[in-house]
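Quick mapping for you: the protein sequence lines, in order, are chains A and B.
For the record, in the first sequence the residue sitting at position 138 is 137 according to numbering that gives the first Met the number 0, with numbers rising by one throughout.
For the record, in the second sequence the residue sitting at position 312 is 311 according to numbering that gives the first Met the number 0, with numbers rising by one throughout.
Calculated directly from the structure, the hints in this document are not laboratory data.
Be aware that a few hints might be false.
As the list claims (entries may be wrong) - Among chain A residues calculated to face chain B with C-beta under 7 Å, some are:
#, residue
1, N64
2, L66
3, D87
4, R90
5, R91
6, M95
7, H99
8, N101
9, F103
10, H105
11, P115
12, R118
13, I122
14, V253
To be verified - Here are a few chain B residues that sit away from chain A, every Cβ distance over 12 Å (derived from the structure):
#, residue
15, P24
16, V39
17, S186
18, Q195
For each residue, glycine too, the CB sits at the ideal point set by N, CA and C.
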Amino acid sequence: MTLVSDPPVVPVVPAAGSLAIRGLTKDFGPVRVLHGIDLEVPAGTTTCIIGPSGSGKSTVLRCVNRLEEPSGGEVLLDGTDVLHGSDDALRRRVGMVFQHFNLFPHRTVLDNIVLPLRRVRSISRAEAEAVARERLDEVGLAEKADVRPASLSGGQKQRVAIARALAMGPEVMLFDEATSALDPELVKGVLALMKGLAAAGMTMVVVTHEMGFAREAADQVVFMDRGVVVEAGPPAQLFDAPRTDRLKTFLAQVL
Amino acid sequence: MNVSDALANIGRSFLDGQAMLRTLPDMLAYGVWNTLLLAVCATAVGVVLGLVLAVMGTSRHRLPRVLSRVYTDVFRGLPAILTILLIGTGLAPLFNLFSRGNPYPLGILALSLIASAYIGEIFRAGILAVDRGQLEASRALGMTHRDSMRLVVIPQGIRQVLPSLVNQFIAIVKDSSLVYFLGLITSQRELFRIGQDAAITNGNLSPLVLAGLFYLVITVPLTHLVNVIDRRMREGRPLTRRGARSGSVGPGPGPGPDGGRVSGDGGGSAGGASPVAASADPVLAAGPASSARASSSPVAVPAGAAPARSTLSEGAAL
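Could you build all of it, start to finish, from the sequences and the hints given here?
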């Protein structure tokens with residue numbers, strides 16, 4: 000058994016789209032958790048959102064694909080508003096990867112990809128299987144196609160979840176703390192895959208606690224605290240020359 | 000009259016072999032089958048109705064939720080005997096046109112209506128217990144709410160409550176005895192009624208004890224089946240033939256990338272996360288070619304190592 004965790008084959012990115020968030024607000028009952036978020040993610044770039052827990056990072060992501068309906072503001076995908084049309088149509092263009100993978104435990108790895116692919120794209124089983132096997136191959140798990148997710152390690156599960164999201168042909172990928180639930184030794188493989196994806200030109204928004212990843216892979220880093228964007232800019236600027244006390248304090252705690 | 004006489008009397012009353020033997024043919028000829036017929040049919044209809052109730056009860060809309068709630072409250076709250084009598088005799092004028100006076104269809108209907116209230120609650124609890132992330136993931140992939148519920152959430156919810164469902168079947172087997180209130184001709188009698196009739200003619204309770212034994216023969220294996228299903232599910236073993244196939248097929252596109260490529264990952268699954276890999280491990284230790292590669296392909300297990308594979312074949316059997 001090789002001990003090398005070289006990055007898997009770089010996945011093919013079909014058509015990356017740009018994402019723009021303007022004045023996004025979100026209220027949970029009387030509590031406002033997002034106070035007007037502005038964010039520009041040009042096509043083919045990676046934005047990492049960092050910040051203390053409870054700062055609203057995940058809520059921003061969940062508002063982009065409307066798992067949470069925003070209370071106000073705009074979300075534009077390739078320049079067109081996506082908050083007023085069908086949420087199903089929006090989600091076909093935006094892939095999401097979750098902290099806890101959320102693979103379907105009652106289906107095989109292959110079926111985890113084939114099932115949504117067939118329902119959403121209305122294609123034949125043979126076509127869907129071909130796409131699914133290709134995506135699994137890209138994340139280095141082709142031989143696991145016929146096992147249940149329960150028999151995979153956390154890292155393998157997350158790679159399947161990424162393959163599943165990619166199979167839908169999204170224009171933007173959202174990662175919600177994709178490595179936070181993984182054992183430390185499994186984080187590397189998943190991050191390598193995400194880096195490969197970023198390098199291949201996928202538009203990505205990544206909520207992460209992995210500062211190393213943010214520094215290396217991000218074109219833009221956004222620091223959020225208490226529902227607002229405190230600082231945003233290139234990684235070198237945020238990590239090496241933080242301007243606000245809040246970011247300085249945060250970095251002192253995590254680095 | 001002393002204590003030993005009293006005990007002897009009780010013994011005769013309960014365990015009179017002659018009386019039991021006289022009742023046995025009827026019980027075997029139709030009693031058992033009638034009881035099973037009632038219970039199986041009532042469960043089948045009850046599962047279908049229960050599923051409808053559960054889907055209504057977990058709906059995003061208020062009206063179906065309220066309707067499901069009212070139905071469940073009514074049929075769970077009434078004594079079974081009352082429902083059976085009301086349905087069985089009340090609807091008889093209508094149904095007798097089709098069933099020529101046979102009380103079974105209405106008896107089964109009444110039992111189903113009661114069972115569905117409980118089964119609906121069982122399914123509903125199962126559906127609600129499915130991790131919220133499952134619905135979110137399928138919705139995030141672009142599947143509609145309907146498809147997500149139908150293909151992802153509900154199948155998992157049902158799987159989780161299979162043990163409770165077997166328990167419900169046991170309850171229905173026992174409740175089926177109440178159908179005798181609707182009036183049964185000789186060949187329609189089920190276990191309890193046969194036992195009761197024989198108890199009266201023999202002036203002895205033994206036929207009822209025999210009926211009780213028959214009920215236990217039906218229900219006790221089922222309670223053990225519940226435990227087996229329960230244990231198997233907690234250990235995460237596949238419940239279906241489909242799942243069992245998982246270990247044996249390896250249609251990878253050649254000798255290229257495999258799970259062992261990323262070091263930690265391969266180690267994780269070989270360490271016991273996978274029941275397939277775990278069951279193959281001792282074999283590997285004993286087998287001649289104990290390469291790490293083989294841990295992911297139990298097909299390569301040498302034939303002499305049959306006992307270690309028993310978990311696999313068990314998985315396939317169910």
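Here is how each hint holds up against the structure:
1. At a threshold of 7 Å, the smallest CB-CB gap from A/N64 to chain B is about 6 Å, leaving the interface hint in force.
2. Proximity of A/L66 to chain B holds as hinted, the smallest CB-CB distance being about 6 Å (cut-off 7 Å).
3. Given the 7 Å rule on beta carbons, the hint for A/D87 holds: about 6 Å separates it from the nearest Cβ of chain B.
4. Using the Cβ-Cβ criterion of 7 Å, the hint placing A/R90 at the interface with chain B is satisfied: the shortest such distance is roughly 4 Å.
5. Checking A/R91 against chain B by beta carbon gives a least distance of about 4 Å; that is within 7 Å, so the hint holds.
6. Because the smallest distance between the Cβ of A/M95 and any Cβ of chain B comes to about 4 Å, under 7 Å, the interface hint for this residue holds.
7. Hint status for A/H99 relative to chain B: holds, with the closest Cβ pair at about 6 Å, below 7 Å.
8. Checking A/N101 against chain B by beta carbon gives a least distance of about 4 Å; that is within 7 Å, so the hint holds.
9. Taken as an interface hint, A/F103 checks out: its beta carbon lies about 6 Å from the nearest beta carbon of chain B, inside 7 Å.
10. Checking A/H105 against chain B by beta carbon gives a least distance of about 5 Å; that is within 7 Å, so the hint holds.
11. Interface hint status for A/P115: upheld, as the beta-carbon distance to the closest one in chain B is roughly 4 Å, under 7 Å.
12. A hinted interface residue such as A/R118 counts as satisfied when its beta carbon comes closer than 7 Å to some beta carbon of chain B; here the least separation is about 5 Å, so the hint holds.
13. A hinted interface residue such as A/I122 counts as satisfied when its beta carbon comes closer than 7 Å to some beta carbon of chain B; here the least separation is about 13 Å, so the hint is violated.
14. Annotation: A/V253 was flagged as interfacial toward chain B, and the flag is violated, the nearest CB pair being 23 Å apart, outside 7 Å.
15. The claim that B/P24 is not at the interface with chain A holds, since no C-beta of that chain comes within 12 Å of its own (minimum 46 Å).
16. A cut-off of 12 Å between C-beta atoms confirms that B/V39 is not in contact with chain A; the least separation is 26 Å.
17. Distance to chain A confirms B/S186 as a non-interface residue, since its nearest Cβ pair spans about 44 Å, more than 12 Å.
18. For B/Q195, the shortest C-beta to C-beta distance to chain A comes to about 45 Å, beyond the 12 Å cut-off, and the non-interface label holds.
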